[in-house]
Each structure stands twice: as C-alpha cells, then as structure tokens.
Amino acid sequence: MALRKKILLIEDEPYLARPLRLAFDRAKLASLDIAVDGIEGLKRAQEEKPDLIILDLILPKLSGFEVLRRLKENPETKDVPVVILSNLAREDEVRRGLAAGAQDYFVKTNFSMNTLMDRIQRTLSGAGGLS
Amino acid sequence: MPIVPPLIVTAIDLTMSLFVLVLSLFVMRQNPERKINRIFGVTIFFFASWIICSSLSDITGFQGSIFWALWFARAAIVGPFIFCALFVYFTYFFPKETHELTRWKVFALFLVPVIGVALFPTDYNVASVTLESYGTGFDPGFLYLVLLICLLLYFGFGTYRLIRASRRAKTYHEKAQIFYVVVAAVSFVALGIATNIIFPLYGIDWLSVFGPSLAMFIFGTLTSYAIVKHHLLEVWVVVRMGTIFAIVFAVIGFIYVGGVSLLDQFIGGTASLLLTSFLVVLTFEPLKRFVEKNTDKIFFSQHYRIDDVLDEVTHSTHRLGLDLEKILENFNGLVRRYFKVDRSVTAVLTPRGTFLVTAGTASGEGGFELAVDNPLVEFLTVNQAMVINRDEITEELGEGAVVEKQAERIALLPGAYETLVRYDFTLAIPIALAGKLIAISFIGPKKSNDFYTHQDLQLLDHLAGELGVLINNARLYNDLKKLDEAKSNFISVVSHQLRTPLSAIRWTTELLLGGSVDKNSEEEFLEDTYRNSLFMIYQLDDMLTALDIEDRQIQLKFEQCSVREMIDEVLTDNDSLIKAKKLNIAVSLSPDATTIVADPGKMRKIFEILLRNSIMYAPAEGGTVEAAVRPKSDGDRRLIEISITDNGIGVAPEEQPHMFEKFFRGEEAKKASPNGFGLGLFIVQAFAQAHGGSAHFESAGRGKGARFYVMLPVYGKEK
Chain G
0 MALRKKILLI
10 EDEPYLARPL
20 RLAFDRAKLA
30 SLDIAVDGIE
40 GLKRAQEEKP
50 DLIILDLILP
60 KLSGFEVLRR
70 LKENPETKDV
80 PVVILSNLAR
90 EDEVRRGLAA
100 GAQDYFVKTN
110 FSMNTLMDRI
120 QRTLSGAGGL
130 S
Chain P
0 MPIVPPLIVT
10 AIDLTMSLFV
20 LVLSLFVMRQ
30 NPERKINRIF
40 GVTIFFFASW
50 IICSSLSDIT
60 GFQGSIFWAL
70 WFARAAIVGP
80 FIFCALFVYF
90 TYFFPKETHE
100 LTRWKVFALF
110 LVPVIGVALF
120 PTDYNVASVT
130 LESYGTGFDP
140 GFLYLVLLIC
150 LLLYFGFGTY
160 RLIRASRRAK
170 TYHEKAQIFY
180 VVVAAVSFVA
190 LGIATNIIFP
200 LYGIDWLSVF
210 GPSLAMFIFG
220 TLTSYAIVKH
230 HLLEVWVVVR
240 MGTIFAIVFA
250 VIGFIYVGGV
260 SLLDQFIGGT
270 ASLLLTSFLV
280 VLTFEPLKRF
290 VEKNTDKIFF
300 SQHYRIDDVL
310 DEVTHSTHRL
320 GLDLEKILEN
330 FNGLVRRYFK
340 VDRSVTAVLT
350 PRGTFLVTAG
360 TASGEGGFEL
370 AVDNPLVEFL
380 TVNQAMVINR
390 DEITEELGEG
400 AVVEKQAERI
410 ALLPGAYETL
420 VRYDFTLAIP
430 IALAGKLIAI
440 SFIGPKKSND
450 FYTHQDLQLL
460 DHLAGELGVL
470 INNARLYNDL
480 KKLDEAKSNF
490 ISVVSHQLRT
500 PLSAIRWTTE
510 LLLGGSVDKN
520 SEEEFLEDTY
530 RNSLFMIYQL
540 DDMLTALDIE
550 DRQIQLKFEQ
560 CSVREMIDEV
570 LTDNDSLIKA
580 KKLNIAVSLS
590 PDATTIVADP
600 GKMRKIFEIL
610 LRNSIMYAPA
620 EGGTVEAAVR
630 PKSDGDRRLI
640 EISITDNGIG
650 VAPEEQPHMF
660 EKFFRGEEAK
670 KASPNGFGLG
680 LFIVQAFAQA
690 HGGSAHFESA
700 GRGKGARFYV
710 MLPVYGKEK
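Protein chains in written order, with numbering that gives the first Met the number 0: chain G, 0 to 130; chain P, 0 to 718.
Among these hints, one or two may not hold up.
Claimed, not checked - Straight-line alpha carbon distances no greater than 27 Å define the calculated DSSO-like cross-link-like pairs of lysine-lysine that follow: (1) P/K670 with G/K60; (2) P/K578 with P/K174; (3) P/K581 with G/K42.
Bear in mind the hints are in silico, worked out from the structure with no lab data behind them. Since we're looking at a predicted model, the values are computed, not measured.
So here's chain G without its partners, still in its complex pose (with noise of 0.2 Å):
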C-alpha cells in the first residue's frame, strides 16, 4: 500500500480553509496539512516534503509570490509542485504567478468545490497517483 500523499495549504481566511478541509477529509484525497501566513508555509514546506502545495497569494507576514519565489529557490522544495489558489484574476497576475513556477492557477470564486477537487486529484495523479 503506497503511503498517503500530503498537502500543505497555505491560506490565511479561516471562512475558506474551513471548507478546504471539510472537502479534502471527504474526498479522501490526501492528508490536509494548513498554514495561516507564507513564514510558516514555508517553514512546513521544508519540514514535512508536501506532494503537493497549494498556495494562496494575499497572505500575511510574506506573500504569495515571494513564499513562491522563494519554495522553486530552495533545492529542498523546488521540486514540490505548487499550485495557485487565489482570488487575484487580473490576466498579469495569473502570467505572473505561472512564470514564477506554479503548475497552475485557479481563481477561487471560479471553481466549485467539486470541481477543484478533481483538478487536484488530476494534479496528484500526475504527480505519482494515489494509494
């Protein structure tokens, strides 16, 4: 049995990383790890070797963009894909994140749940499957 995959969520709004949650413990896709600002996202990303992050942009303490810039710097997280979710939807700002390195981007308000979770498990699966 392959190990379970790990998440790291790095959101600062408790109204959005409460249903996060709730969605990933149903869908069972992965074990939901969340950190409320970019020093500690950051922080767990290098500690606990997520298979994948998912990354808000307005955050305190650090940005979105420079906790970014700064995971595909460092040779112990640069591999880890990210992805973006946020609610910044000016096109430069969606260029911006996916040059710096993201694997994708998605505007909040423009998913349902449902439908962010499929294109999560898509990114997982990507990534190596699931157990």
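With the hints as your guide, set chain P onto chain G.
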C-alpha cells in the same frame, strides 16, 4: 583715380540719407515727448540736408545748370553748421538733461553757425563750381575753413562733455549709451578728416564723395541705438534694419532706373515710366521679402528669425506629446539657443501651491522652490506682467505705474526683485492660463550682455503663452492617467476584496447543499456564510460612505448618544477575535464625558473602525487596547476627546502623513491583515470633521503601538 559713375554716387548718397532720415523719424516717433528724441531728429535732418544739397548740386551740374549747381553747393554748408551746434546742444540732454544750459550759452553756441548760415549765399562760401568725373567740384571759400574749425571744435567739445558725463554715469546702461555716441562722433570726424583732407593729399579725391554719407550712416545708426533705450534696440537690429532697407532700396532703384532705360528704347516717354512704376509696385513686396530673407541668411545668421522660432515651437509640440519634463527641457533649450543665454529654467506650480524648478528641467542648474508667500510669486499671481531686472529700464508695473529707476521699482515691489537678484536672473515671465498662474519662466542675461529688445520680449511673451497651454495639457493628461490608474486599482481592490467572502459563501453553501457537512458543524458553516455576507455588506457600505464623503453628501442627525453603550456594542461584536487573541481591553470614561450630542450612526462607525483596527493590530498574547473618553476645552468650546490606544504594529514615520488618505494601508497593516479597502481612517476623519471636530494620531514608529484621537464638540456642530 577710379571713375565712379555720378549716378551711382548720387544713388548711394541719397540712399544713405534717406535711411538715416527714416531712422531719425523712427527715433522721434518712439517718444515724441522726449526732448532728446526731437533734438536728434532735427540734427539728422540738417546732416541729411548737407548730403542732399551736395547730391542735388551734382545732379544739376550734370544737367548743365551751373546756377543751381552753385546754389545747392552753397546751401550744403547750412546743414553742417547747424548740426555741429546741435551736437553740442544734444550733449546737454544726453543721456539725461543736465540743466546747465542758459540762454547765453545757447546764444554763444549758435552764434558762429548762424553767422555762417547767414553768409551761405555769398562768395565767402563757394565762389564757383566745376564739373568733375565724380560730381560737382567747387572752390571752398573762407567759410569752409570756418566750418572745418567749427566741426573740429564743436565735436571735440561735445565729445569732451560726453566723456565727462560717462565718468559721472552710475549705471552700465548710461555708460554704454554715452560710449556709442562718442564712437559715433569720433568716427564722423575721423572719416571726414580722412576722406576730405588726408586721402586727397595722396591724390585720392574720389573717396570724399562717400565720406559724408558713410559718416552719416555710422553716426546716425550708433546714436539711434544709444537713444532708443525705451525699446532697447540692439546694434544688430539697427544695422539689420538699415542694411536691408538700403539694399532693397538700392535694388529697386536699380530696377526702376534700368527698367525706364530699357523701356525707353522700345516704348518711350510717359508710357515707359507708367509701365515701370506698375511693375515695381507689383514686385516690390515679394522682392523685399526675398532680399530680407537672403540678407538675413548671409549677414545675420547670429540673429534669430521669428518664423524659425515659431516653426520650431510648432513642430516640437507635435513631437513632444504630453511629457511635461520634455516639454520644459525643449522650451528652455530653445530659449538658450535662440536668445543666446546661458540660463533658462521654468518653475512649475506644485499641488502645495509653491513653484518648483526641478534639477531635471534646469540642465545643470540646481533646483529651487519658491514659497507661496514669495513676493515675486505674489506679484506675478496678481499682475501677470513680465518682471525685468536691469538698470534704468522703463517698464509698466502693476496698476499702470511706469517707473524709470531701479530704486523706484524696488520700492514699489519690495522683495520681488530679491528673487531675481538672488538667483541672478534677468527676466521672470509669468505663464498663466485662464487667469491662473501655473508656471514662471526665469531667464538669465544674454551672453553678450546686451539688453533684451522689444522684439525679444514680445516673442518670449508669445512663447510663454504657448508653453502655458502645453503645461496645462500635460498636467491634465497626467491627472487623467492617475485617475484611470486609481479607477483600475480601485476596481481591482474591490473585486478582490469581495471575491474572498464570495468564495467562502459559495463553497460553504455548496458543501451544505451537498450534504457534506455533518450536523454538528452545520451551524458553524451557516454562521460563516452569514459573517461573510455581513463582511461584504460592511465593505460595500464603507465604499459608498467614502463616495458620499467625496460628493459632500454626509448628513447628520443629532441625538444624545451614550458613549459607554456604543463602545460596549463594538467590543461585543468583536468578542470572538478579542478572546482568540487574548487581548486586555480597558475602557476609561470620565464622568463628564459619558454622553455626546452627535449622529449615532456616524459615532458608532467611528468607534467601530478605531476599536476594530486596534483589536486587529494589537499583538496576540499580551496585546492591550485602551479606550478613553475625556472632556477637553479649546477656548470657549467644550470638547470630548476620544482616544483608542494599542501596543501593536504602530505606524512607520514615512507612512504617517498618509494615514487618513483614502485606500491607504501601511505595510505592517497589510501584512497583519491582507484584506481591507483602507477606507476606515478616511471615514473616521470625515465623520469627525462633519461634526465640527477633528481626528489625529500619534505613533512612535513601527512596532511601537499607536494612539488615535477624535475630538468632538460636546453639543454638536456649532452653526
């Protein structure tokens, strides 16, 4: 001895005479009230009469009329006798009236010349005339010797008087004026002596026919320049006007004479004269322009042509577009090039009301700023007339006052000239649009140290007008761009801020509807949905409040409000966050400050924003928030002072001036709480001011907490 055709000699002599006569008329017209202008005009008239009479003597001699040749040869002596006395008379009024002249002095001055004039028809003057290859020759009589002595003595005396005046002259301008007249007088005498005495000793007689004309040309132009200080003619302009006129006159004269001669052979008589006149009238204007243009190009490339300047301004306007810095650089570069000055800068009105020259627009100059209360700025704001800093310049200043002396000018505008003197500029040109001063052009002295001519000043005035329009357009464009950016940013901020609660509502209700939420968590999720909808309402409410504030649509309904109740309500609303962060809350109300007459909705909003901010930014585990309300007095006014203090993130010094600006959020605030429009403090200040009060804050810096104050009148806004 070269044989110069008499016709050419006469034409040249008459041209020169006519030119100088026209110039003297111009000088007299500049200021007919001024004695010096009139004296000069009369002097030139007599000088010209000498040459005209000599020319007429030549012409009549060649036509065979010995009688008239002799008569004109004798009449020619009148001019020089009178004008040499007039020259000395002139020195009693130039550059200023000396009041030394008495009747006896005038009598003594004119005695010998008048006697000489009285004797002009006699043989003492010219006994007889002969026809020579160069014109009419004559035997000068005793009177000519007297004339020669008079010329030498009078011009010598006059020159001596001028040199003495030059030593007494206090200003550069006066000295320059006297210098030009002295040069004129000396060159006249020198030329006269050279062409009529020295050269003939070596057998060179023919030059004597040109001597007087040349002398008159030099004397006339230099003295005109010296006199016409009113309009500050430069030597170049005078010479240019004279040369162009002379060449045009000579060319047209030549064409006319040639035309008559040619047509005479085919048509003859009056018809040829009429036809030639018709052709001259038809071609005069284009020919004049052609000669002027080419004379300018060949001789006067140093001096600018107005058309060139205006063309360049027009073309550069298209090229520069709406970049203010480029527009100013271009204008100042143009001024430096065409007017031959080292320094030209433009001070532009800032939002603070000051006038600023930025180093970038000054090309090597340091920038400087003129305060709102600078006397020069105040003068230009009201009068919008050019200010010129040079000695002895007559100009019109505010209210039509015409002043001659620098001292008078400074007394009329105390302090205004200090700015020009301090920065060593000669001109301050106001640039205004719709009556409002928007910029000031400062121009230094010309490299040649010559004055700015009337043409220069008129052209600069015109250019300043053009520049005003360009500056205004650039400003409007920048404002529009900023407005557009602000609008885009605003839409971006609003849409992002509202998306967050909307995403939460969407996902939460999706999970609830999908049955994914267990019964125990249902209430929590429903409450989340409710809070997020409230958050959106508050944010939109803040936005609309901000719009109302901007549109001055705030209306107050005054009631007796309980301060304690309002504070308690707000603390209750934020209870969960207070508990989560384990904050210490202290409320201290003075017994004299428990109620206030105010709009309850607006008051509650003030407390809500200030308390919410402090709660949000106070540190967890050890954070404190204190709310205090105390009475204060300000003269007769009874006030309430509300202060909300926290030991949280504080405000960095560079951010402090912006705290009450719409949409502004400090960096630390953004890090602590990324969401928020940045409208809270803007609303607090607007509401406080609407009540007749005020808002301010103190903070020792980043991480050192803050205290926000709102001062309100106890009994509502005074009417």
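The hints, checked one at a time:
For the proposed pair P/K670 and G/K60, the alpha carbon gap of about 5 Å is at most 27 Å, so the pair holds. Distance restraint check for P/K578 and P/K174: the Cα-Cα separation of roughly 89 Å exceeds the 27 Å cut-off, and the hinted pair is therefore not satisfied. For a cut-off of 27 Å, the pair hint linking P/K581 to G/K42 stands: about 25 Å separates their Cα positions.
Checked against the numbered hints above, the structure breaks only hint 2 and satisfies the rest.
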